[in-house]
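Listed in order, the protein sequences are those of chains A and B.
Numbers given in the working numbering equal positions in the first sequence, counted from 1, plus 192.
Numbers given in the working numbering equal positions in the second sequence, counted from 1, plus 536.
No lab work stands behind these hints: they were computed from the structure.
Be aware that one or more of the hints could be misleading.
Below, a list of computed lysine-lysine pairs in the PhoX-like style, where the Cα atoms sit at most 25 Å apart [stated by the list, open to error]: (1) Lys1418(B) with Lys309(A); (2) Lys1457(B) with Lys322(A); (3) Lys309(A) with Lys982(B); (4) Lys943(B) with Lys1181(B); (5) Lys396(A) with Lys542(A); (6) Lys639(A) with Lys943(B); (7) Lys221(A) with Lys1436(B); (8) Lys1446(B) with Lys309(A); (9) Lys987(B) with Lys221(A); (10) Lys943(B) with Lys322(A).
Okay, here's what each chain looks like letter by letter:
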Amino acid sequence: MPAQKLLWLAYFIYVAMLTNVSQAVALPKGAQPSLASNYDSSRPFRCLDGSATIDFSSVNDNYCDCSDGSDEPGTSACPNGRFHCLNAGYKPLTFPSSRVNDGICDCCDGTDEYDGKISCQNTCDEVGAKYREELKKLQEEAEKGYTLRLQYIKEGLEAKEKNKARLQTLKANIESIKLKTSELEAKKNEAEALEKQELDAFEKKWEETKSAKRDEYYKSKSRSVFNDLDSNKDGSITVDEIISNRVFDTDGNGEVSEEEAKEVMGEAGTISSYDNFVTDVWPKWNDKLVNIKSATSNSENLSTEQQTPDIDEDNIDNDIVTEDEDEIAREHVTTTQEEDIYGQKPEHDKHLKNLIAAADKARLEHKTSDDEKNNVENEIGEIEKALGGDFGLEEEFAYLRGKCFQFTDREYTYEICPFNKVTQSSKSGGSQTSLGTWGSWIGSENKYSRMKYEGGQNCWNGPDRSATIILSCGTEDTLISASEPNRCEYLMELKTPASCNSRGDKSSHDEL
Amino acid sequence: LLVVLAIITVAVNGVDRSNFKTCSESSFCKRNREITPNQSPYDVIDDSISIDGSKINFDIRNNGNNAILAATITVLRNAKARLRIKEKDPLFPRYEVEDVLIKESEEETGVLANRDDQGIQVNFRDKQIILTLKPFRIDFLVSNALVMSVNSRGLMNFENYRKKPIIPEASKPADESTAGAAEGDEAVNEAKPEDVPTMDENAEEKVKQRDQELQGMWEETYKTHTDSKPKGPSSIGLDFSFPGVEHVYGIPEHADSLALKSTSDGDPYRLYNLDVFEYDINNPMALYGSIPFMLAHCAKSTVGLFWMNAAETWIDISSNKAKDSILSRFASMLKGNEEMPQIDTHWFSESGIIDVFFMFGPRPKDVFEQYASLTGPSYLPPLFAIAYHQSRWNYNDEDDVRAVDAKFDEYDIPYDVLWLDIEHTDGKKYFTWDSTKFPSPENMLKGLAAKGRKMVTIVDPHIKRDSGYGIDQDASSQGRYVKNKDDNVYEGWCWPGSSSWIDFINPEHRDWWASRFSIDNYAGSTDSLFIWNDMNEPSVFNGPEITMHKDAKHFGDWEHRDIHNIFGLYVHKATADGLIARSGFKERPFVLSRAFFAGSQRFGAIWTGDNTASWDQLKISMPMIMSIGVAGLPFAGADVGGFFKNPDEELLVRWYQAAAYQPFFRAHAHIDTRRREPWLLAEANMNIVRDAIRARYALLPFWYTLFYHASIKGGPIMRPLFVEYPEDASTFALSDEYLIGSDLLVKPVTDAGASSISVYFPGNNQLWYDTETYKWLTGPRTVSMSISLNKIPVFQRGGSIVPRKERIRRCSSLMYDDPYTLTVALNRKGQAVGQLYVDDGHSFDYSKGEFSLRKFTFENNVLSSRPASAYGNYRTNSWLEKVVILGLKNKPSKVSVSGKNSTGRKLKFKYDRENRLLVVKKPEVIIVDDWEIDFKF
């Protein structure tokens, strides 16, 4: 401690010598040592702004004579006066002279309070020790951070060079890849044209076969359906016989009304013969009648009266058979039936198989080349973006790309992914809220001291969310606070070695 | 496009008027407004009249239904009279306002009453009261001039309580009719229809109409809310005319002009304390507070009217010619002056009694004093309360508070009080703190107090229903909540969600509430914590018109309809009483309230509620604060910058400049707005704001002296010009400039981009000095002057002496010992006078004589200090550091001071011939001593 005091003393002697004042003790109360030469008690005092010259006895006489307040550094008389305390053992302090003799100890040496209202203890040693300790810690941190920063700069610059080189390579390659891709595309198109031609012919032929077989089948079915419907086997079909068949329930209300029956049979009310059936009823109803017939014949274990559709055996939960399952059951029946009617679809012949294989190969080759082209283009885009981005004067912030940092308070977890986005998520769950995507550097004196993220999720009745990140020197990357000082405008503090601008820099810690 | 935008803006912003009743949606308003004039059914019963000293008692018969009313006219001391009319034999008791009058008014002596065939004539001093019997009418004469008439238009109405008539089954509405009737079924079964027009069975329309009227009388539905009206119709109304008058003022609170407008083309002015979201300006809609006091003023006379009723009240105002309603016996007064103007007013309230005070002036200040003798003068606030307040919804946590506090010091801007809005609480449970955001409120408060600063927290009258919350527990178990019509606890929705309201009508509940503010009961509080009562209209988010149901029940079986407008006053009073009790009855309280009533001036400050950041709202803040001041409540202000929305920098700067010269000076903002503390402005603008706030601090001694006078004599501090220049008709409608006291004329700049401003300087041959440039102007005339953003047009009256403390510190208490500067502005005769009130700035000791009231006089080239009051012996060390004399034509050869310890001590001085300005250095006499400064030429 005594050593410290000596140092401070030495400092003041040094200052006194600099300003060439033989009687440093005569410096008026509250005046700044650097201005000492202006306060010469043997001469009238000239206000520092030159606005007036007054008797020296008017200096610090508790009345404001100078418009700049320079005659009253040690009293509260001037509205714009500045009081300076030496605070030996700590650091000097200058503040508005309205704080002189206001009953609050502002200087650790207590010199701002001298009218007896309050007695201030000299706490400078104590405060100074704490300050120096804090300062030391900060300096150590700054030092450590600065070393890391140098490393990041090195890495950043190297990565930048690497990127540049890589970009060059990629750009050189991209044209040949593009050419190759378009050649392969032409080949693919050619193969596909041949393939399509043959496939179309094959399908067309199969459709024709199916059509013929269907006609034949329906014709053969018409008789058996007629016989089924003609339950009393009298060669004609009556309304009752129609009503008992649910196929004719066109409105789907579960029963066949007389109206619905008449729709089938016409106003006459009977179908008098098989011939009439084939000409008047069959063309309109054959799809349904064919199905129903098959259904009843495929499920002989069910009585003919039972109107409930077939139930898949796997479905054990009989009580909750739904309409949907009903549909599925019918569809299943229909598919089974198709094969009955048409038989198996024939296989492709060898020629066609070869064409398809050739086309498949051409497709694959083109895709591979196209993927390669896209990848290279993407990479070029990424690198150009990276090279175009602003990661500090010396690329010191580049290493933060792709990293994310979190801070959690009582309610939320905040996450910043530098140069990408800022988000907020509630600890109690729920979706993530965007607080903004990377905008720009907005520091005022040091551009790289603040980041702005903009265009986040819109606030009800308000602006889009945005976030400002204050960066400061730290030994590691940590998000240390997050708050919302204005509605939907977030403020966060990120400590990072990248912001340790110089070895032992303390300019930003003067307030401590 | 602009037009379209404007329409959209109007549609999106501003008040939702459909939330609030128009007159036609209020059945009693409609009934009273539809009364046909000049057919009054009310006659004084001849043989009922008795005269008892200063009292005249008589009965009034309603010839329509033969109901009898009991009336009393009392002549009161100091040029006042009171008229009370009640039901002679009411079916239910009628509510009579309590706790508003400060004492039983003293009756006038030497009152002479004579009877003649037409009525009674009462003479006292230079005044006469003439009571006409048929129909009932009263006329007041001052110095033989008719100044006021009562029921001269025959609009009197007294709906006596009655039994509910039987409503024919067929005409009942289909829904809920049984439920409604069940309420008072005894009445339904036994009652005979009374006051119900005979039914014309053929006219279905008439039946319908009659039923609708009956519906309004016995039940009234507004939006989704039904008022059960168990006692039926009960409104009262009376008309008052002011012959010779073209300007009436007062009846706050309305966002309207200072001189009240005719209501002929729209709704009447409404008094019904309401929480109006984003209120609109220039209309008669009700707002947060109500003072049923009106000032009627003309060049010759000034009278006041106080309608003491706490129920919903409407007031119609119209211009008329006196001859149309003058009584024949006064006709002679109008000879040759038949076009004498007149203002007619018609007042009606939903329940209660007719209880009216008349104040006869003859000048505005006399009426203010007369009104103050009834409802009390303003309280004397502690000094910090008239300094600058920094508020926002919300300062988030203790770090935020510390940071804001530190910023003020960093930018050397003084402030006295930091405010915490509802978010500081644990879940909107008042008297609690959010323990995460405010873990150590006592330390926080002590940190502020170490620099002499205070804090205000919000405490609203709605209590969160939460069995884990002590206040709710106690209020529930001790039965302190307002009840609903079914005698269960009334519940509604407010900030905390489901809430109930302490029944402040009950004095015991008020005492209990007051005791909540003791340091022990209010955990985390200290004696530097003060209180803000918001939402005390009361605001009920899901209630009719965002307030309490009128059929809710209070102490004494009163319905909410009877006491609505006084509810907020009781909250305010109980809170202020709590702070006083907290200090062992030593310290003056500070409580800000949003709702108010006649008498609220005794309990603290009020503000104009949730205004909006716009130039129009800055403009309207002046007539609003002045109207409230005229009605006896001087300690009022508007949120600086506007509560809703974001002001641009120019608007914020201009608002600070205006509010620095208004009584209650607080910046406040909605939670959705951007931060706007002064240092967030561009540096140049921040400096202007800083200068404005510092100018306020310098003038605190001047303001404090005015507050002291208001605490003795009442009246406004921010005064309309007509108050000081009552004969100058060009001031009668002026509200964009005003006087602080009588000596500083202020014309705030309230237009965007203003580069010049036109100022009216009143007073014949009256000198006015620009407080910044010291240039002088002579009234009466209007002068246009160019201005820049940093200019606040403020002028000191020639003939006045204004005290200042020019050492601006971090807050007002740190300036306590500081020396004074006196600015002596000479009149044409080279004279000036001024006063200074000094006390400790915070305690009640002043009421025991611990104050000093000084009078400074400049006359015959001597500036002297003498006591202005026989009482008061307060000592201070504050001395006189500077005397500035404005308008001194010659340079003195010698200036010397004589005081307690010295005689003829020579003083240094500087004279500026061009500006006729003399500055005297350091007289160094104690300000409260007797001394003289002698100027030799």
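Going down the list of hints, with the structure as the test:
In summary, the hint linking Lys1418(B) to Lys309(A) is supported, as the alpha carbons are separated by about 23 Å, within the 25 Å threshold. Using a Cα cut-off of 25 Å, the hinted pair Lys1457(B) and Lys322(A) is violated, with the two alpha carbons roughly 45 Å apart. Of the pairs offered as hints, the one joining Lys309(A) and Lys982(B) holds, with about 20 Å between alpha carbons and a cut-off of 25 Å not exceeded. For the hint linking Lys943(B) to Lys1181(B), the alpha-carbon distance of about 23 Å falls within 25 Å, and the restraint holds.
The straight-line distance between the Cα atoms of Lys396(A) and Lys542(A) is roughly 18 Å, inside the 25 Å bound, and the hint therefore holds. Taking the CA atoms of Lys639(A) and Lys943(B), the gap is about 23 Å. The hint holds against a cut of 25 Å. Annotation: proposed proximity of Lys221(A) to Lys1436(B) is violated, straight-line Cα distance about 30 Å (limit 25 Å). Restraint check for Lys1446(B) and Lys309(A): the C-alpha separation of about 32 Å exceeds 25 Å, so the hint is violated.
For the hint linking Lys987(B) to Lys221(A), the alpha-carbon distance of about 23 Å falls within 25 Å, and the restraint holds. For the hint pairing Lys943(B) with Lys322(A), the CA-to-CA distance comes to about 24 Å; that is within 25 Å, so the pair holds.
Going down the numbered hints, you'll see the structure goes against 2, 7 and 8, while the others check out.
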